[in-house]
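Mind docking chain B on chain A? Use the hints.
Sequences listed follow chains A and B, in order. Just remember that the working numbering sits 8 ahead of the position in the first sequence, which is counted from 1. Just remember that the working numbering sits 268 ahead of the position in the second sequence, which is counted from 1.
Source of the hints: derived by calculation from the structure; they are not laboratory data. Here the structure is a predicted model, which means the values were calculated and not measured. Worth double-checking, as some hints may not be accurate.
[Said to hold, decoys possible] Cross-link-like lysine to aspartate or glutamate pairs, in silico, EDC-like; alpha carbons within 20 Å at most:
{"no.": "1", "chain 1": "B", "residue 1": "Lys416", "chain 2": "B", "residue 2": "Asp481"}
{"no.": "2", "chain 1": "B", "residue 1": "Lys503", "chain 2": "B", "residue 2": "Glu330"}
{"no.": "3", "chain 1": "A", "residue 1": "Lys84", "chain 2": "B", "residue 2": "Glu454"}
{"no.": "4", "chain 1": "A", "residue 1": "Lys85", "chain 2": "B", "residue 2": "Glu454"}
{"no.": "5", "chain 1": "B", "residue 1": "Lys503", "chain 2": "B", "residue 2": "Glu424"}
{"no.": "6", "chain 1": "A", "residue 1": "Lys82", "chain 2": "B", "residue 2": "Asp423"}
{"no.": "7", "chain 1": "A", "residue 1": "Lys84", "chain 2": "B", "residue 2": "Glu329"}
{"no.": "8", "chain 1": "A", "residue 1": "Lys79", "chain 2": "B", "residue 2": "Glu330"}
{"no.": "9", "chain 1": "B", "residue 1": "Lys271", "chain 2": "B", "residue 2": "Glu330"}
{"no.": "10", "chain 1": "A", "residue 1": "Lys82", "chain 2": "B", "residue 2": "Glu330"}
{"no.": "11", "chain 1": "A", "residue 1": "Lys34", "chain 2": "A", "residue 2": "Asp58"}
{"no.": "12", "chain 1": "B", "residue 1": "Lys504", "chain 2": "B", "residue 2": "Glu454"}
{"no.": "13", "chain 1": "A", "residue 1": "Lys34", "chain 2": "A", "residue 2": "Asp46"}
{"no.": "14", "chain 1": "A", "residue 1": "Lys10", "chain 2": "A", "residue 2": "Glu41"}
{"no.": "15", "chain 1": "A", "residue 1": "Lys79", "chain 2": "B", "residue 2": "Glu329"}
{"no.": "16", "chain 1": "B", "residue 1": "Lys388", "chain 2": "B", "residue 2": "Glu454"}
[Stated by the list, open to error] With the Cβ distance kept under 7 Å, some of the chain B side facing chain A (calculated, not the full set):
{"no.": "17", "residue": "Phe315"}
{"no.": "18", "residue": "Thr316"}
{"no.": "19", "residue": "Phe323"}
{"no.": "20", "residue": "Ile324"}
{"no.": "21", "residue": "Val332"}
{"no.": "22", "residue": "Val333"}
{"no.": "23", "residue": "Tyr343"}
{"no.": "24", "residue": "Tyr345"}
{"no.": "25", "residue": "Ala349"}
{"no.": "26", "residue": "Gly350"}
By construction, the Cβ of each residue, glycine as well, lies at the ideal position given by its N, Cα and C atoms.
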Amino acid sequence: MKIKGWFILGIAAGIIGSFYEFVPRKAIKSIAEFLLFDINLFGHRIRHNDLILFGALMLIISSVSLYKVYKLRKRKK
Amino acid sequence: MKKFYLNLLFSILAALVMNALDMVYHLATGWAVHLNYVAIKLTVILFTVWMITQFIGIGKEEGVVASVIGPFMFYVYYVFAGATLNRTIFKIDEQFWFFFLHLSLMLIAYFSLLNFIQSKSHWIRTFSFILIASFASIALDLLYTMIKMRLQGIDEETAARLMTFSLILIPIIAYFVAALIGVLIERLFNKKYLDTAFATILSALIIGFFTKDFMHAVFSFVFIGIVYHIIHTCKKRIMNEG
Chain A
9 MKIKGWFILG IAAGIIGSFY EFVPRKAIKS IAEFLLFDIN LFGHRIRHND
59 LILFGALMLI ISSVSLYKVY KLRKRKK
Chain B
269 MKKFYLNLLF SILAALVMNA LDMVYHLATG WAVHLNYVAI KLTVILFTVW
319 MITQFIGIGK EEGVVASVIG PFMFYVYYVF AGATLNRTIF KIDEQFWFFF
369 LHLSLMLIAY FSLLNFIQSK SHWIRTFSFI LIASFASIAL DLLYTMIKMR
419 LQGIDEETAA RLMTFSLILI PIIAYFVAAL IGVLIERLFN KKYLDTAFAT
469 ILSALIIGFF TKDFMHAVFS FVFIGIVYHI IHTCKKRIMN EG
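Bound-form chain A, shown alone (with noise of 0.2 Å):
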């Protein structure tokens, strides 16, 4: 992938991840109750904490493409 597309991937996942961290389950719900995914998963119920985790490890992925794309820049350089 090139630095155009981990940007790309940086923003896309920053978004996400920043609006399971970020956004109260109660707004969330209000926008549209499916983001949510309020569903049973191999016998595991899909609890706030769980988007709460999946926001966290978003927000590492647009990180650390943001920092590859540092790396790739300087690469470049």
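Quick look at chain B alone, frame taken from chain A:
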């Protein structure tokens, strides 16, 4: 696939050592340790180190970045996640200053691994090896203890109360002594895998003798065996690649 496997092993070791240092600190200073938070901490740290190792590489700068991103994301998780323990009774590491503690522990874990792989000094490599082998085994041992409590049906608050420093003192001594003796044996006889054999048997004997728990001794044998296998595989492959 080989690169993926190697990076995964490296990340597993970094995450285990960091978490073991953290758990030992918490238990020694009276902060609560319980399975849910340890599982989240392991996941976040493992994922961060793996992402950086897989897509960027292994190095000093990468180590510092991983040490900042991992604990910071973990702090963010803590702030926004719902409580699973009664925080009026238990002291949980959710204050901001813990970010700096986690960062320092992560730096110790990452740079021990880096030094073990890259350092030219024999003493630094040996010291790093003892630290990695003993703390990674301690992490697995503590996870075993917490999972055992969960399987026995002990509720989270009781399990958090039962997790004290005295409970882990014998495993800590056993793994340290086993890793140390393992290194000495390797130096004396210079035979491949002899250190692993001595370390596994010795840790199992110490834990079995002092805890009188046969299953714990068997698991300690397995844990230190797994850790030694990961460390040796990791080093061999990195040396071959580099």
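Going down the list of hints, with the structure as the test:
1. B:Lys416 / B:Asp481: Holds - the C-alpha atoms of Asp481 (chain B) and Lys416 (chain B) are around 13 Å apart, at most 20 Å.
2. B:Lys503 / B:Glu330: Measuring from Cα to Cα gives roughly 18 Å; hence the hint holds.
3. A:Lys84 / B:Glu454: violated (46 Å)
4. A:Lys85 / B:Glu454: Not satisfied, since the Cα-Cα distance of roughly 47 Å exceeds 20 Å.
5. B:Lys503 / B:Glu424: violated (38 Å)
6. A:Lys82 / B:Asp423: violated (51 Å)
7. A:Lys84 / B:Glu329: holds (18 Å)
8. A:Lys79 / B:Glu330: With a Cα-Cα distance of about 10 Å, the restraint between Lys79 (chain A) and Glu330 (chain B) holds, given a limit of 20 Å.
9. B:Lys271 / B:Glu330: With Cα atoms ~17 Å apart, Lys271 (chain B) and Glu330 (chain B) stay inside 20 Å; holds.
10. A:Lys82 / B:Glu330: Between Lys82 (chain A) and Glu330 (chain B) the Cα gap is close to 14 Å, so the pair holds against 20 Å.
11. A:Lys34 / A:Asp58: holds (16 Å)
12. B:Lys504 / B:Glu454: holds (16 Å)
13. A:Lys34 / A:Asp46: holds (13 Å)
14. A:Lys10 / A:Glu41: violated (36 Å)
15. A:Lys79 / B:Glu329: holds (11 Å)
16. B:Lys388 / B:Glu454: This hinted pair holds, its Cα atoms lying about 18 Å apart.
17. Phe315: Hint holds; Phe315 (chain B) Cβ to chain A Cβ min 6 Å, cut 7 Å.
18. Thr316: holds (5 Å)
19. Phe323: holds (6 Å)
20. Ile324: holds (6 Å)
21. Val332: violated (11 Å)
22. Val333: Since the shortest Cβ distance to chain A is 6 Å, the answer is holds.
23. Tyr343: violated (10 Å)
24. Tyr345: holds (5 Å)
25. Ala349: holds (5 Å)
26. Gly350: holds (6 Å)
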